[in-house]
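K.L.:
Once you've looked at the hints, dock chains B, C and D against the given chain A.
Each chain, letter by letter, is given below.
There are 4 protein chains.
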Amino acid sequence: MNKIQNKGWKRKLHEIIYEADTPEGKLFDVVLLIAILASILLVMLESIKSFDNKYHDLLNISEWIITILFSIEYIARIITVKKPIKYIFSFYGIIDFLSTIPKYISLLVGGLHALAALRALRLLRVFRILKLARYLGASNNLINALKASKAKISVFLFAVVIVAIILGTIMYMIEGEENGFTNIPKSVYWCIVTLTTVGFGDIAPQTPLGQFIASLVMVLGYGIIAVPTGIVSAEYTNQTKTDKETKNTNVHLNTQACTNCSAENHKDDAEFCYHCGHKLNHG
Amino acid sequence: MNKIQNKGWKRKLHEIIYEADTPEGKLFDVVLLIAILASILLVMLESIKSFDNKYHDLLNISEWIITILFSIEYIARIITVKKPIKYIFSFYGIIDFLSTIPKYISLLVGGLHALAALRALRLLRVFRILKLARYLGASNNLINALKASKAKISVFLFAVVIVAIILGTIMYMIEGEENGFTNIPKSVYWCIVTLTTVGFGDIAPQTPLGQFIASLVMVLGYGIIAVPTGIVSAEYTNQTKTDKETKNTNVHLNTQACTNCSAENHKDDAEFCYHCGHKLNHG
Amino acid sequence: MNKIQNKGWKRKLHEIIYEADTPEGKLFDVVLLIAILASILLVMLESIKSFDNKYHDLLNISEWIITILFSIEYIARIITVKKPIKYIFSFYGIIDFLSTIPKYISLLVGGLHALAALRALRLLRVFRILKLARYLGASNNLINALKASKAKISVFLFAVVIVAIILGTIMYMIEGEENGFTNIPKSVYWCIVTLTTVGFGDIAPQTPLGQFIASLVMVLGYGIIAVPTGIVSAEYTNQTKTDKETKNTNVHLNTQACTNCSAENHKDDAEFCYHCGHKLNHG
Amino acid sequence: MNKIQNKGWKRKLHEIIYEADTPEGKLFDVVLLIAILASILLVMLESIKSFDNKYHDLLNISEWIITILFSIEYIARIITVKKPIKYIFSFYGIIDFLSTIPKYISLLVGGLHALAALRALRLLRVFRILKLARYLGASNNLINALKASKAKISVFLFAVVIVAIILGTIMYMIEGEENGFTNIPKSVYWCIVTLTTVGFGDIAPQTPLGQFIASLVMVLGYGIIAVPTGIVSAEYTNQTKTDKETKNTNVHLNTQACTNCSAENHKDDAEFCYHCGHKLNHG
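Residue numbers (UniProt numbering), protein chains in the order written: chain A, 1 to 283; chain B, 1 to 283; chain C, 1 to 283; chain D, 1 to 283.
Isolated chain A, as found in the complex (with noise of 0.2 angstroms):
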C-alpha cells in the first residue's frame, strides 16, 4: 500500500474501520478497545449494589456515551461495507448489535437488569480488534493441533458425560436424598463435580459405600485427565515437526480487509480478494 489517492470517503472510512495498517486505523482501534474495556468496566460496577447506589448517575451517562459511540461506529461498519446484509448476520455483526442495544431498550421497557448483563457480550469485539490471530504469528500449528485433536477430545468428553450419568445413577442409589443427592440431575452434577477434579464440596457423599465409590471416581477423574493432555501435546509435537519438514515460507499477511465481503489476512502483494475476486484497494 504505497499512496493513498482518489478514494471517496466511504472507502477512506472503510480503511480506518476494518484496516490498521494507516495511523488512523491504529488510532481507530486502540479508542475502540478503551472503550470496550471501559463498558465492561461499567457493567461489572452496575452489578456491585453498593457502588451502583453510589454512583448511579455518573455510571447511567458514562453508559449512555457508550452506547451513542458504539452505535455510531454500528452505523458506520454498515454504510462502509459492500454488503451490508452479510455484516449483519455474521458473527460478529450480531455481537455488535445485541451488545449495543440492551440500552435503548432499557429506555423503553425500563428496569431491565437481566438484558443489561448482555452488554458483557462487548468483551467479544476485542477479538477481532486484537486480531488475535495475527498475533499469534506462526503459532497457528497450536489451532491446527486442537483441530486434529477436536474429534478424539469430543468422544472423550462424550464418554465422560456417559461416565458421569451412570455414575452419578449409581451414587444416587447408594446415597440418595437424605445426604444432598436429591435427583439424578443433581447426582450426575456431583460426578462431573468430581470427576473434574472441581470438587466444590455443597455435596459431598456421607455412607462409606458412597465414600468409596467416589474415590474410585476420583482415581478414574485423576487417571483420565492424561487423555486429552496427552492427544494435544502428541498432535502440537506433530504439527511442529511437519512445520520444520515443510519449511513453512513466512508469507507476511496484512490487516486489510475486503471492501466487498470483509475477508482479512490478505498477502502484502495481493490485488484481488482470495475470497470474493474483488479489487483491493491498493491506493
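These aren't lab readings, by the way, just hints derived from the structure by calculation. A couple of the hints might just be wrong.
Heads up, the list lumps identical chains together, so a pair's fine if it works in one copy or across two of them.
Claimed, not checked - BS3-like cross-link-like pairs, simulated, lysine-lysine; straight-line CA separation at most 27 angstroms:
| hint | residue 1 | residue 2 |
| --- | --- | --- |
| 1 | K150 | K26 |
| 2 | K10 | K86 |
| 3 | K26 | K152 |
| 4 | K86 | K152 |
| 5 | K54 | K150 |
| 6 | K26 | K10 |
P.N.:
Quick look at chains B, C and D alone, frame taken from chain A:
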C-alpha cells in the same frame, strides 16, 4: 454387499438389527438411539420428586411404551442370532436384559425404587449403536496408546492407593476423631480426595501439623499428576510415529455382523467370518 | 537354576523366603501377600469404633495370629541371611520390625492406640513381594525419565513453595484474621491448597481484593501445572527413543537374591553376585 | 581465577559478597542463607498470636539482630560495587532495601503490623544466593521452552480470562444474588475458581440451569487444561532435540560478578566483563 436376494425374514431382520449399511438398518439405529436417550431422560425426570408428583401417569405410560419396545427388540435379537445363548450371556446381552426387566419387576413387587435406577444402564447401549470404534476412524492409535500404557498406569494408580492408605493412617493419628478423621477408611478417603486435587472440603485438617502434612500431600499430588499424563502423551506420540512409518494401509471395514457369532468389523471383501468361519451373507 | 541339591536347610529357607522362582517360593509370597492385606484390613476395621465395639475379641485374636506369623517370618529372615546386621538396618528390615512390634508393646503398656496405626506400614512390605520393578518389565524407562527429571521437578516444587510463602503472606496482609487467615503459616497452607488446585474451601477469601489476588494465584497454578507434566512427558519420550536406538537387548533377570548381601535382579546366567561377588547358589 | 594478590579490601569484600568460588565467599553465602531462613521463620512465628504473646521479647530481639545484620550487608554491598546507584535500583537492590527497612519504621511509627509482613520479601533473596540458574545446569532448555511458549500461554490465559468474564456474567444472570452470585466481579471470581478446577465451594450454583452451565464450565476447564501442558511439553521436547543436534558445547561458567556492573555468569577464561567491558579481577 451387492444384491440382497433369497433371504428368509430372519436373515433380513438380522441385517436390520445388527448392521447399519442398509437404509432399514440405519433407520433402526436412529429410532433405537432416540428411544434410549428418551428413556434416560425419563429415568432422570422420574427421580425429580416435584416433577414425578405432577406428571406421574405420563411418565409411567411413557416408561411402559419404551419397556415394551425394548422387550420386542430383545426377543428379536435372540431369535435372529444363530447362537442365542452366546448373545444372552455376552456383555451387551446382559445389559439389554438388565435395562428391560426393572419395569416388569415393579409390577410384581411394587415400589422398588432402587431397582428402577438400573434402567440408566441403557445408556451403555448407546456405545453399540454408535459403533464408536468406527467413528474414531484412524484414531485407534489413541486406543493403542492407552493399551500400551495400561500396565504402567495401573502400577501408578496402585502406588497412589498405597500412598493414600499410609498417609491416611498418619493423618488419622495426627488429626483424630475430633477433627472429622473419624476412622482410617474415612481418613484414606480424605487422602484420595486431596491427592487427586478434588478437595471437597467436607473434611479438612485443623491442627498445624495436620495442615503441614496435608500441604505435602497436595504438592505430592500436584507433582505426580505429571506421571500418567507424561506416559500417555509419550506413548501416543510413539503410536502416531509408528503409524506413519508403517504406512497404515487403510482397510475399509463395514458394520456387518456374523449371523452365527455376531462378530463385527469384517472387511468389505470378506466372504467368511474371521472369528467362526461362518459364511457371511453377501447376497 | 536347573537342579537343587546338597543344600542346607538355611539355604533352602533363604530360597523360599527371598526368591520366587521355585513353587515353594511362590507359595510363600502368596501367603505373605494375603497376610499383609488381611492385617491392613484389620487395622482399618479396628479404627472404626462401632465395628471395634462389636467384634473386639475377634479382631484382637486375628491381630495376634498375624503378629506371631510376622514375628516368625522376621526371625527366619534374620537367620537365613549371612549378614543379619545389614538386613536389620536395611529399609525393609526396619519396616518389618516396626510393623511387628506395636502389638507386643500394647501388651506391656496397654491402650497405646496411636502406636497401633504404625502397623499400616506393613503395606510397604507389599512392594517387596510384588517385586514391582520386575512387573514393570521393560518400562523402567519410566523410572529413568523420573530420575532424569528429578532435579528439575525439585527446583520447580521449591519455587512453588517460595511463591506460596510470599503469596500467603500477602493474603494474610489483605484478608486478615477476621476472614480465616489467622496467621502466616495458615495463609501459606491456604495458598498451597489453592496453587495445587485442591481448593478445600475451609478458608476462602472474602474481600474483593483478596478474591482478585486469589484469581491470579489460581490462574498461575493452572498455568504452572504444565511444567512438571511437560518435563516428565518430554523426558519419557526421550527415554523411549534412546531405548529404541540402543536396541535394548532384553536381558532376562530372575528373582533370586544373593545369600550374602541380598542383592536382587541377577541375570539368569549369572554365577556370582554382581554386588558383592559372592557365589550364587545355582544348585 | 588462579591467584589472588594485590587487592584492596573493597575488592576482597566484593569477592566475598558477590562470588561463591572462594572459601570465604561460600561461608558468607551459607551464613546469609541461614539468616534469611531464620528471619522468615521469625515473621511466621510473630504472626501466630499465641506464640507472639509468650515469646514477644525473644522474637523482638532476634528480629533486631537480623535486621542489623542485613543492614550491614546492605551497606557493604553498596560500598563494594563501583556503580552503587545501579545496584540500589536493581531488582535485588530494592528487595534488599524493602526487607530491611520495616523494623526501623516500626521504631518511628510503632505498631505498623501490616508493614512487618513486607519482611517476607526476604525470601526472594534466597534466589540470589542459590544462584539457581547454575544449579539447574544444562536444564536451561526448560527455561528456553518456557520462553518459547510464553506468548502462546499468555494468549491462552487471556482467552481464559475473557471466557471467565462472559460465563461469569451469564451465571450472575441465572443464579442471581440470592445464591451467592452477588455481583459480576464475584461471579467472575467463581468462574475462575471453577475453570481452574480449584472449586472452593464457598459459592456454588443452586438452580438446575446454573448447575448445568457449571457442568459445561467444568468440562471445558478439564478439556483446556490440556492446552498449556501440551504446549510446554512439545516445546520442551523440541528444545531437548535441538540441544542434542547442536551438540551444546558445555561452556563452564563461574559465579564471579563484575565489580563494575555486577553482571554474572562469566566464562572461566573471560578477561573482561561481557556486559560493560570492565576488566575482571583474575588475580
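K.L.:
Does the structure break any of the earlier hints, and which numbers would those be?
P.N.:
Hint check: 4, 5 fail, others pass.
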